[in-house]
Amino acid sequence: MVAKIKVLLSKLGLDVHNRGLITVANELRDAGMEVIYIGNSFPKEIIKTAIQEDVDVVGVSSLGGAHLTLGGELIEEAKREGIKERLAFVIGGVFPPADGTKLKEIGFDGIFMPGATREEIVTSIRQIVSAKMDNSP
Amino acid sequence: MAEKKRTTKEILQEKLTGGKRIPLYNPVALKRLCQEFEQWRSTMVGEEDRKNWCVTPHTILGSEIPREMLYTPLSNPDFDYMQDLGHSGQEPFTRGIHANMYRGREFTMRQLTGFGGPEETNQRIKFMLTHGGTGINVLFDLPTIQMYDSDDPMSRGQVGMSGVAVDSVEDMDLIFKDIPLDKVTVSLVTHYPSNTAILFPMYLALAERRGIPWDRLRGSVQNDITLEEVVRSGPEYIPPKDCFRIQCDNIDFIRQNVPLWNFVTYNGYNLREFGTSGVTEMAVALANAIETLEEMIRRGQEVDWIAERLAFFWSPASDFFEEVARIRAVRRLWYKIMKYRFNTQSPRSMWMRCHVQTSGVSLMREEPLNNIIRAAYHALASVFGGVQSLHVDSYDEAYSVPTEEAALLSLRTQQIIQAETGVTEVVDPLGGSFYVEALTNEIEMRILDEVDEIERIGGYVTALEKGWLHKKIAEYFNNERKMIEKGVIKLVGYNFYKAPVELPPINVFRYPEGVEEKQKARLEKLREKRDIEKVNSALLALEEACKKGKNVMPYTLQCARVGCSEGEIFKVFKQAFGLWKPPVFW
Numbered sequence: 000m001v002a003k004i005k006v007l008l009s010k011l012g013l014d015v016h017n018r019g020l021i022t023v024a025n026e027l028r029d030a031g032m033e034v035i036y037i038g039n040s041f042p043k044e045i046i047k048t049a050i051q052e053d054v055d056v057v058g059v060s061s062l063g064g065a066h067l068t069l070g071g072e073l074i075e076e077a078k079r080e081g082i083k084e085r086l087a088f089v090i091g092g093v094f095p096p097a098d099g100t101k102l103k104e105i106g107f108d109g110i111f112m113p114g115a116t117r118e119e120i121v122t123s124i125r126q127i128v129s130a131k132m133d134n135s136p
Numbered sequence: 000m001a002e003k004k005r006t007t008k009e010i011l012q013e014k015l016t017g018g019k020r021i022p023l024y025n026p027v028a029l030k031r032l033c034q035e036f037e038q039w040r041s042t043m044v045g046e047e048d049r050k051n052w053c054v055t056p057h058t059i060l061g062s063e064i065p066r067e068m069l070y071t072p073l074s075n076p077d078f079d080y081m082q083d084l085g086h087s088g089q090e091p092f093t094r095g096i097h098a099n100m101y102r103g104r105e106f107t108m109r110q111l112t113g114f115g116g117p118e119e120t121n122q123r124i125k126f127m128l129t130h131g132g133t134g135i136n137v138l139f140d141l142p143t144i145q146m147y148d149s150d151d152p153m154s155r156g157q158v159g160m161s162g163v164a165v166d167s168v169e170d171m172d173l174i175f176k177d178i179p180l181d182k183v184t185v186s187l188v189t190h191y192p193s194n195t196a197i198l199f200p201m202y203l204a205l206a207e208r209r210g211i212p213w214d215r216l217r218g219s220v221q222n223d224i225t226l227e228e229v230v231r232s233g234p235e236y237i238p239p240k241d242c243f244r245i246q247c248d249n250i251d252f253i254r255q256n257v258p259l260w261n262f263v264t265y266n267g268y269n270l271r272e273f274g275t276s277g278v279t280e281m282a283v284a285l286a287n288a289i290e291t292l293e294e295m296i297r298r299g300q301e302v303d304w305i306a307e308r309l310a311f312f313w314s315p316a317s318d319f320f321e322e323v324a325r326i327r328a329v330r331r332l333w334y335k336i337m338k339y340r341f342n343t344q345s346p347r348s349m350w351m352r353c354h355v356q357t358s359g360v361s362l363m364r365e366e367p368l369n370n371i372i373r374a375a376y377h378a379l380a381s382v383f384g385g386v387q388s389l390h391v392d393s394y395d396e397a398y399s400v401p402t403e404e405a406a407l408l409s410l411r412t413q414q415i416i417q418a419e420t421g422v423t424e425v426v427d428p429l430g431g432s433f434y435v436e437a438l439t440n441e442i443e444m445r446i447l448d449e450v451d452e453i454e455r456i457g458g459y460v461t462a463l464e465k466g467w468l469h470k471k472i473a474e475y476f477n478n479e480r481k482m483i484e485k486g487v488i489k490l491v492g493y494n495f496y497k498a499p500v501e502l503p504p505i506n507v508f509r510y511p512e513g514v515e516e517k518q519k520a521r522l523e524k525l526r527e528k529r530d531i532e533k534v535n536s537a538l539l540a541l542e543e544a545c546k547k548g549k550n551v552m553p554y555t556l557q558c559a560r561v562g563c564s565e566g567e568i569f570k571v572f573k574q575a576f577g578l579w580k581p582p583v584f585w
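Chains as they are written, first to last, in numbering that gives the first Met the number 0: chain A, 0 to 136; chain P, 0 to 585.
No wet-lab data here; the hints were simulated from the structure.
Backbone N, C-alpha and C fix where the C-beta goes; we use that ideal spot for every residue, glycine too.
Check each hint, because a few of them may be wrong.
[Unchecked claim] Residues of chain A clear of chain P, computed beta-carbon distances all greater than 12 Å:
#1 2
#2 31
#3 47
#4 50
#5 68
#6 78
#7 82
#8 84
#9 103
#10 106
#11 123
[Unchecked claim] SDA-like mimics (lysine to any residue), calculated; alpha carbons at most 25 Å apart, straight line:
#12 101/A - 512/P
#13 519/P - 71/A
#14 3/A - 101/A
#15 101/A - 397/P
#16 497/P - 119/A
#17 335/P - 573/P
#18 580/P - 51/A
#19 101/A - 510/P
#20 489/P - 81/A
#21 103/A - 503/P
#22 470/P - 33/A
#23 489/P - 113/A
#24 3/A - 67/A
#25 5/A - 28/A
#26 470/P - 40/A
#27 573/P - 36/A
#28 125/P - 183/P
#29 489/P - 122/A
#30 471/P - 115/A
#31 101/A - 506/P
#32 573/P - 503/P
#33 43/A - 516/P
#34 485/P - 117/A
#35 465/P - 25/A
#36 470/P - 583/P
#37 335/P - 10/P
#38 3/A - 584/P
#39 5/A - 25/A
#40 481/P - 74/A
Given only the sequences and the hints, what does the whole structure look like? Please build it.
Laid out in structure tokens, this is it:
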């Protein structure tokens, strides 16, 4: 029996578009997860909050083009704080197709493009979290 | 006891009911038609269709208004042509604000431009003008919109994305290099009152620098509190009351000093795209306009002095006839509000002038070429509705900022409508359609009902503070999402008729490299060469103006002239007004 999954959601940087992320917040909550939505934030703060709140998943959203730069910083910061392997990192937003692969290489565990359904997002987050748990000592 | 303030709806009801109507259809004909209709319905219409006589189209951003299977004169029995429509250019302006509409003046083809640094944006603007674009529409990058400098740590990695970077008057100069400011019309998509107060003065300072008098500048800014306080996600917000005050300060100053400039464009577009029906989109914009006019009257200005230059910005989405009817409906309602609520006699004040941008949220990442078709229908509905200017979204926008090729195709979509289809030769071509007129009436009523709801809460700014709109949006888009997932809203290529094979990829725009470094270097140079004493005293004077309730724009203008950066000016607003935390509902 897996405990309730705890998710931290944030808009990455100065991106103004939050319709998608609020929708996701709602859907994850409806799927039985505990969701913390912190609005706009930056990599250092996001990781700090993730540690304080002891979450299982960090989800960020970027539609403004900063997914590689700030997304990269987020993963770097997570590695520095030693939580990269333990937590699940997912990102959603508007990206050129080739950037999906790049985001995977950077270290994101899940990548959601426009059109991702509720089902896809919820299932994928559950799988990533349970895979991380299985791997943890 | 003070008399209870009457709502706009109450005023309109009082002044408009009981007036003499001259119905177009004669009672004998209607009576006969009624019998014929019943006869037809019971004999010619199958049982299933009779049972489902009213069907509600479920569409992206739709208003969920039920539709009958067939419309007849019975749908609008007391139709009074002169009172409900009038000819074009005539009250109540349902058919259009000008008598000859597009024969006299074609709709302006105003495509959005803005990405990277000012140099790149300057190139794209020139490209669009060379290919027949007739207006300029500048979009700013995320740090500029959110009012941080390119060298602010918060801006890292985001400079030049989603728009063009502007830190100071120097960047404004580069965006408009070789473009004669007195010969073009320029829309600066400043969205918020705060960044309008900061960025427009940079444009004015640039005109001064080039020796162009302000009374020859033509164009518009957005300057809308809804965008700053509701339709955005950002790290810092000033309180709604102060934001509304800056909105009105901007209006006051620009009206006085830049007479041909449209100082506010009530932006329904971004609100609707964020997640509301087309009815709420318009109700909110009207409520905001009503409250602005009340405030300007309180400040001692004449209604017409302001109202003659108000403009609106709408989002036409996929329900074709709803979009046509909506634009006609809001044009008539605005006329009524101006004539009966504000007692104006000036036709210009009664004109609902508008720019539209085809709906972006309606575009899909899957099978992106389908978006070309969607945007063309959105554009055509807008032209049938009689809009003044138009931006057509590009098919690749679910991937990135449009490529040059995609941007050109959007412009071509407009040009094909204008030059090839012949639709611009006849004014209001759908006017008089039993269906469109019934729908126009229905939508007008629904918009007025929502304006009434807002006024009963205590007005628009109060409704914002209480989170009324934030909540409404969250409910709307959660519901819409569910309808999409269930397939109730059908989207071709996404949840309906999906391609069995992967289609070939499209070209996707990549942001130019090195913009952030260039912006930082330019800012550094500016900070070195400017007179720091003048900068400090301009910022100090602005802070005092904010606190003492003086119009902020003369002070932000002085800041622009002496080389203050956007971030420095916004910092003063934050210090003077404090920060506000908007409600989030989900």
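Okay, the hints, checked on the actual structure:
Against the 12 Å criterion, residue 2/A stays outside the reach of chain P, whose nearest CB is about 22 Å from its own CB. With 12 Å as the threshold on Cβ separation, the claim that residue 31/A sits away from chain P holds: the shortest Cβ distance comes to roughly 15 Å. Separation of residue 47/A from chain P is adequate, the least Cβ-Cβ distance of about 15 Å exceeding the 12 Å criterion. For residue 50/A, the non-interface assignment is confirmed: its Cβ lies about 20 Å from the closest Cβ of chain P, beyond the 12 Å cut-off.
Interface exclusion of residue 68/A from chain P breaks down, the closest Cβ pair being 3 Å apart, not more than 12 Å. With a least beta-carbon separation of about 18 Å from chain P, residue 78/A lies farther than 12 Å from that chain, consistent with its non-interface assignment. Distance check for residue 82/A against chain P: the nearest CB is about 21 Å away, which clears 12 Å, and the non-interface claim stands. At the 12 Å boundary, the C-beta of residue 84/A stays outside the reach of chain P, the nearest C-beta of that chain being 24 Å off.
In this structure residue 103/A is separated from chain P by more than 12 Å, as the shortest Cβ-Cβ distance comes to about 18 Å. Consistency note on residue 106/A: stated as away from chain P, and its beta-carbon is indeed over 12 Å from all of that chain's, at 16 Å minimum. Non-interface status of residue 123/A relative to chain P is upheld: no Cβ of that chain comes within 12 Å, the nearest being about 15 Å off. Of the supplied pair hints, the one linking residue 101/A and residue 512/P holds, its CA atoms being roughly 17 Å apart against a limit of 25 Å.
Our distance criterion of 25 Å between C-alpha atoms is met by residue 519/P and residue 71/A, whose separation comes to about 21 Å. Restraint check for residue 3/A and residue 101/A: the C-alpha separation of about 30 Å exceeds 25 Å, so the hint is violated. This hinted pair checks out: residue 101/A and residue 397/P have alpha carbons roughly 18 Å apart, not beyond 25 Å. The hinted pair formed by residue 497/P and residue 119/A meets the criterion: a straight-line CA distance of about 17 Å does not exceed 25 Å.
For the hint linking residue 335/P to residue 573/P, the alpha-carbon distance of about 39 Å lies beyond 25 Å, and the restraint is violated. For the hint linking residue 580/P to residue 51/A, the alpha-carbon distance of about 22 Å falls within 25 Å, and the restraint holds. Using a Cα cut-off of 25 Å, the hinted pair residue 101/A and residue 510/P holds, with the two alpha carbons roughly 16 Å apart. Restraint check: the Cα-Cα separation between residue 489/P and residue 81/A comes to about 45 Å, which exceeds 25 Å; the hinted pair is violated.
With a C-alpha separation of about 22 Å, the suggested pairing of residue 103/A with residue 503/P holds against the 25 Å cut-off. Restraint check for residue 470/P and residue 33/A: the C-alpha separation of about 21 Å stays at or below 25 Å, so the hint holds. Note on residue 489/P and residue 113/A: the hinted pairing holds, with a Cα-Cα distance of about 16 Å set against a maximum of 25 Å. Restraint check for residue 3/A and residue 67/A: not satisfied, since their Cα atoms lie roughly 30 Å apart, outside the 25 Å limit.
A distance of roughly 10 Å separates the Cα atoms of residue 5/A and residue 28/A; the hinted pair therefore holds under the 25 Å criterion. Our distance criterion of 25 Å between C-alpha atoms is met by residue 470/P and residue 40/A, whose separation comes to about 22 Å. Between the alpha carbons of residue 573/P and residue 36/A the distance comes to roughly 24 Å, so the proposed pair stays at or under 25 Å and holds. Distance hint between residue 125/P and residue 183/P is fulfilled; the C-alpha atoms sit about 12 Å from each other, no more than 25 Å.
For a cut-off of 25 Å, the pair hint linking residue 489/P to residue 122/A stands: about 23 Å separates their Cα positions. Simply put, residue 471/P and residue 115/A have alpha-carbon atoms about 24 Å apart, close enough for the 25 Å limit, and the pair holds. For a cut-off of 25 Å, the pair hint linking residue 101/A to residue 506/P stands: about 18 Å separates their Cα positions. This hinted pair does not check out: residue 573/P and residue 503/P have alpha carbons roughly 49 Å apart, beyond 25 Å.
A threshold of 25 Å between alpha carbons decides the hint, and for residue 43/A with residue 516/P the separation of about 22 Å falls inside it, so the pair holds. For the hint pairing residue 485/P with residue 117/A, the CA-to-CA distance comes to about 11 Å; that is within 25 Å, so the pair holds. For the proposed pair residue 465/P and residue 25/A, the alpha carbon gap of about 21 Å is at most 25 Å, so the pair holds. Between residue 470/P and residue 583/P the alpha-carbon distance is near 8 Å, which keeps this suggested pair within the 25 Å criterion.
Between residue 335/P and residue 10/P the alpha-carbon distance is near 10 Å, which keeps this suggested pair within the 25 Å criterion. Restraint check for residue 3/A and residue 584/P: the C-alpha separation of about 22 Å stays at or below 25 Å, so the hint holds. With a C-alpha separation of about 13 Å, the suggested pairing of residue 5/A with residue 25/A holds against the 25 Å cut-off. At most 25 Å may separate the alpha-carbon atoms for a hinted pair to count; residue 481/P and residue 74/A exceed this at roughly 32 Å.
This entry does not satisfy hints 5, 14, 17, 20, 24, 32, 40, going by the numbered hints stated previously.
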